[in-house]
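K.L.:
As a plain string of letters, each chain reads:
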Amino acid sequence: MKIAVCVKEVPDATAHKRIDAGTKRLDRSGEGALNAFDANAVEEALRLKAATGEGEVVVVSMGPERALNSLRKALAMGADRAVLVTDDAAAGSDLVATSAVLAKALEREQPDLVLFGQQSSDSDGAVLWAAVAERLRRPVISQVAELTLDGASLTGKRQTEFGYDVIRAPLPAVVAVADSINEPRYPSLKGIMGAKSKPQETLSLADLGVDAGSAGGQGSRTEVLALSDPPSRGDTQKIEDDGTGAEKIVAFLAERRLI
Amino acid sequence: MRVRPADHPPPFAPSDAIAAPTDPADERIEVGVLIVGGGPAGLACAIRLGQLLKESPGTAERLGDVPVAVVEKGKSAGSHLLSGAILDPRAVRRLFKGRLTMNDVPSYGEVHSEAVYLLTKGAALRVPPPPTMRNHGNWIVSVSQLARFLAEQAESGGAAVLPETDAQKLLVADGRVQGIRTGDKGRGREGQELGTFEPGSDIVAKLTVLAEGTQGHLTGAALARFGLEGSQPQIWALGVKEVWKVAQPLEHLVHTLGWPLRKSSKYGEFGGSFIYPMGPELVSLGFVAGLEYRDVEFSVHDVLQEFKTHRLVRKILRDGERIAWGAKTITEGGFHALPKRFHAPGLLLAGESAGLVNVPTLKGIHYAIESGIMAAEAAFRSLQRGESPGRVGALESYDEELRGSYVMQDLREVRNMRQVFDKGFFMGGALASAMTVTKGKLPPKDFHSEANADRTLIRTDRAARYPAPDGKLTFDKLSSVFLSGNRTRDDQPNHIRIQRQVPRDLADLWVRMCPAQVYEAGAADGEGTVTVEVNASNCVQCGAITAKGGRLTPPEGGSGPEYTIT
Amino acid sequence: MSILVFLEHHGDELQKGSLAVLSKAAGLGAGDVAGVVIGSGVERLAAQAGAHGAATVYVTEDARLEAPLPQPRVDAIAQLVAEKGIETILFAQSILAADIASGLAARLEAGLNWQLTDLAAGDNGLVGKQSALGDSVVVDVGWTSTPRIGLFRAGAFDPSEQAAAGTVEHFEVQLQEHSLAAEMVEQAHAEESGPSIEEADVIVAGGRGLGEPEKFALVEELAKVLGGAVAATRAVVDAGWYPYSAQVGQTGKSVSPTLYVACGISGAIQHKVGMQSSKTIVAINKDPNAPIFEFADFGVVGDLHQILPKLTEALQARKS
Chain W
1 MKIAVCVKEV PDATAHKRID AGTKRLDRSG EGALNAFDAN AVEEALRLKA ATGEGEVVVV
61 SMGPERALNS LRKALAMGAD RAVLVTDDAA AGSDLVATSA VLAKALEREQ PDLVLFGQQS
121 SDSDGAVLWA AVAERLRRPV ISQVAELTLD GASLTGKRQT EFGYDVIRAP LPAVVAVADS
181 INEPRYPSLK GIMGAKSKPQ ETLSLADLGV DAGSAGGQGS RTEVLALSDP PSRGDTQKIE
241 DDGTGAEKIV AFLAERRLI
Chain C
1001 MRVRPADHPP PFAPSDAIAA PTDPADERIE VGVLIVGGGP AGLACAIRLG QLLKESPGTA
1061 ERLGDVPVAV VEKGKSAGSH LLSGAILDPR AVRRLFKGRL TMNDVPSYGE VHSEAVYLLT
1121 KGAALRVPPP PTMRNHGNWI VSVSQLARFL AEQAESGGAA VLPETDAQKL LVADGRVQGI
1181 RTGDKGRGRE GQELGTFEPG SDIVAKLTVL AEGTQGHLTG AALARFGLEG SQPQIWALGV
1241 KEVWKVAQPL EHLVHTLGWP LRKSSKYGEF GGSFIYPMGP ELVSLGFVAG LEYRDVEFSV
1301 HDVLQEFKTH RLVRKILRDG ERIAWGAKTI TEGGFHALPK RFHAPGLLLA GESAGLVNVP
1361 TLKGIHYAIE SGIMAAEAAF RSLQRGESPG RVGALESYDE ELRGSYVMQD LREVRNMRQV
1421 FDKGFFMGGA LASAMTVTKG KLPPKDFHSE ANADRTLIRT DRAARYPAPD GKLTFDKLSS
1481 VFLSGNRTRD DQPNHIRIQR QVPRDLADLW VRMCPAQVYE AGAADGEGTV TVEVNASNCV
1541 QCGAITAKGG RLTPPEGGSG PEYTIT
Chain Z
2001 MSILVFLEHH GDELQKGSLA VLSKAAGLGA GDVAGVVIGS GVERLAAQAG AHGAATVYVT
2061 EDARLEAPLP QPRVDAIAQL VAEKGIETIL FAQSILAADI ASGLAARLEA GLNWQLTDLA
2121 AGDNGLVGKQ SALGDSVVVD VGWTSTPRIG LFRAGAFDPS EQAAAGTVEH FEVQLQEHSL
2181 AAEMVEQAHA EESGPSIEEA DVIVAGGRGL GEPEKFALVE ELAKVLGGAV AATRAVVDAG
2241 WYPYSAQVGQ TGKSVSPTLY VACGISGAIQ HKVGMQSSKT IVAINKDPNA PIFEFADFGV
2301 VGDLHQILPK LTEALQARKS
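Protein chains in written order, with my numbering: chain W, 1 to 259; chain C, 1001 to 1566; chain Z, 2001 to 2320.
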């Protein structure tokens, strides 16, 4: 079976992420790293491959050429192959454009299962998997904390606001895994050193038959208009407890309609 | 009874870091030349080797699938590197001769002008820069950025650069160095194997180059094992620095002496500050103090914060924003503390871990690069047909090259400058001037220095003068650790070796000394000692503890700070 | 401009978040606002929608729509958008809503802006306010085409009463094959142990100031009476007082509940970054200089061993 894992290189999560005031896009000039949540997806793919005893794990991504470094981390963990769609015209793509490009790359691969990580540390909540599943016309299950493959179908246990759902879907399917699903492995030294010689393919938009105008900033349907500082939290109140501290907290909570 | 850190040695012996290979032969990772440390010395060695091997495919072939490998314990090359820094470009030019110039190397331009100030609490007296502090022709760099650049160069020259890989043990068998053993990953607080446990590996190589920088873990073990220790004990200073975005460009390089350090020799406070422009928008500033200080309340981090409140510095930082922080020790023993030899069978020592730092000029990066180049050339010679790096004496030529080079000449000239400051600021200053003018010929007698941990401790009320952190100009340690990019896993095994039950003075010394707030003095236990708690995941691996009675060992590869611009 | 708001329901109620977005949309004064309710046996919910600003409530009912799965809902909404010429579709953040919004964006080739904390009618259409990069920056975002899709952050605002017609209109949905492929085998039911800290609306957290592990009982009792989850700082998890799964902070979890009560927590940045986007922060600490007081909305300097039991008692009394 072939499992495709969609991964992304994101700015390394040290103290200062910033949006560039000029381009109004996230400043990606510093170190990049494999999105931590994607490591869970890669790990799950590797476990599924090990459980079925055969198959191929291919990591698929869209980004600048140097994102290959992060893809190599996935290869070092044990993925078999990497495919990177890289094209200047794709920079600044929104959800609509990104999902279109990824779907084309995935169609080319024809995987039995597509895995995503839970979220991307650089966009606070992009929900790419559902858009990609829609384009592939495949069932999608998100927030999966436990995944079992059962021949031609899979079962996912997912955590929602109300507790756990158990959902079944036939393959081929798209699954987004929660970070609680597993603890990603450390790549072994042999894995790290062997990663470079595993197949790594770069594709342009033209290779995928995607028109440059439908990707990147041009093909995006949303725009950033302005940046500003967040509103301050407002006044902080601080009191000394003279025995009535608890009551005052209750009054405060009531006033804010929190109780 | 005075407390001395050396009287409470850590539960660690250098032999703990030496072992024979244990992995079965077919599981060992084989490389040609193994370089430990992805800093300027190690990467220069890898780059030079790449150049030499390209012209000599026969030799390259004999080195196998991975002719050159560099292991680095930080998240990436540069993650654990920190310096001022002013770079003497001669070694970089030699390394990239005919290929690149200084304009291709990431930097903040050439030094234009500089100023040295003697500070008192309220004033700044400009003094002529001593001859050792003339930086015309030198370049301003971030050593962390430089390393990232050198790593790319090394990789495009064919070296395998392996970050997140710590070297835990030096593999020695049959009287020669065989390689290293890397550390385990995925152990829990008590050392237990977690679900993600990945054991370390033996990496065996024909030749191992140790370029670990300050407080080299394997270097210390190798010096002991092969009887290479120098005539005088090695000593260190601790530097804490910040990078600021500033509202107005800083026009010149600044060095200061004096306040807030105390002049009397009884305090043992030697050091000063640097403030360097990094282009028109950034400033790198830091405070460096020798670890021979004696006051348990002395804290370099807090002295840096206090220093920033001086009129001179406030002006520079006004309306600015702190964007980086870090701490690291600097090797300060100079010429007298150099190892007896820089090689052993199958082993070469390069860069700062071999002691190659010029304290009066505050420079070491170009020595690191120069020694890396020489190590590569010696390694290459020893790998020629008919030769073997394991043969006793095969690497002799490295020592000869190093000792005949300007590196050794420079270090020899300034050999007594640092040690004389044991005599206090004024006496030391006079002696230092005498030395500079005579290029090291006067005074004739070589001074002897004391190991940092041998210094007896005193207690003053120094801490009362540290400014309370205001979050704008001055900062506390925890928020600084955060800014260093440290995201070390909390449940890792404790990598710091210290006696846990020590006299209160020693505990307090450690608490203040550590810039990352790793140590906490717990409850007294009624016998004059207290228990020391260790918050190991705060550690930014500066190495100060090793100089003052403990021992830093490398934690899980990839842990620690993630410096980018320091 | 026509706006459609997805009204999520659970059991017998429309979700508070959906009603909040509905009333917000109605308050924009940018034209008629409709709601859509999708499920099985859900018509009775339509009345609530009218009370919060829906001029029309589209309802589609089908046994196949009973399970809260996203893809059939994409079919339903896409169909409505095409039939009624709807220009803007709004959602309140939830796991289900996010999946629907994203699938819908791909289906309609429509722009999707998420993490919205506000929306306003501008000269060229709608402009949203998006909170990004861990709440460190506010981004004004727009849409370059219609239809537009907006996903509002949980708890961005409260529902308000906006009386409107609430006329119910039924429609039949054509479900696509791939939308029917996923099957709900077992639907979620509330766990007895209370919400997980990531999903909890209220979190009560304990730190070093508790003094000893046993004192976590005070935190647990307060959490229970508030219906919230219990969290812990790195320091106490390190010391073994509470499990790592409860750790909030730089190396633990990031949470943004409606209410965060910090007990005996200093507020060092390593903890702060994990909870600073909580809507309301209450802090109890005996150290008046603790950094937490700089960003807590309400802080009490005092002994938590006295204050917590009293607080729990007072809240318990209010409930009964």
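A few of these clues could be false.
Sample of chain Z residues with no beta-carbon within 10 Å of chain C, all distances over it, derived [claimed, not checked]:
#1 K2215
#2 D2238
#3 G2252
#4 S2254
#5 A2268
#6 A2314
For each label pair, taking beta carbons as the anchor points, the in silico distance ranges come out as [stated by the list, open to error]:
#7 C/E1387 to W/E65: 20 to 28 Å
#8 C/K1315 to W/L227: 24 to 32 Å
#9 W/G234 to C/R1311: 58 to 66 Å
#10 W/G194 to C/R1504: 46 to 54 Å
#11 Z/K2224 to W/G194: 47 to 55 Å
#12 C/P1233 to W/S228: 55 to 63 Å
#13 W/K196 to C/D1491: 27 to 35 Å
#14 C/L1194 to Z/E2186: 25 to 33 Å
These are calculated hints, taken from the structure and not from any lab test. Ideal Cβ positions, reconstructed from N, Cα and C, are used throughout, including at glycine.
K.L.:
Hint by hint, note whether the structure agrees.
P.N.:
To see whether the hints hold, each was checked on the structure:
no. : hint                           : in the structure
1   : K2215                          : holds (18 Å)
2   : D2238                          : violated (6 Å)
3   : G2252                          : violated (8 Å)
4   : S2254                          : holds (13 Å)
5   : A2268                          : violated (5 Å)
6   : A2314                          : holds (34 Å)
7   : C/E1387 to W/E65: 20 to 28 Å   : violated (41 Å)
8   : C/K1315 to W/L227: 24 to 32 Å  : holds (30 Å)
9   : W/G234 to C/R1311: 58 to 66 Å  : violated (36 Å)
10  : W/G194 to C/R1504: 46 to 54 Å  : holds (53 Å)
11  : Z/K2224 to W/G194: 47 to 55 Å  : holds (52 Å)
12  : C/P1233 to W/S228: 55 to 63 Å  : holds (57 Å)
13  : W/K196 to C/D1491: 27 to 35 Å  : holds (32 Å)
14  : C/L1194 to Z/E2186: 25 to 33 Å : holds (31 Å)
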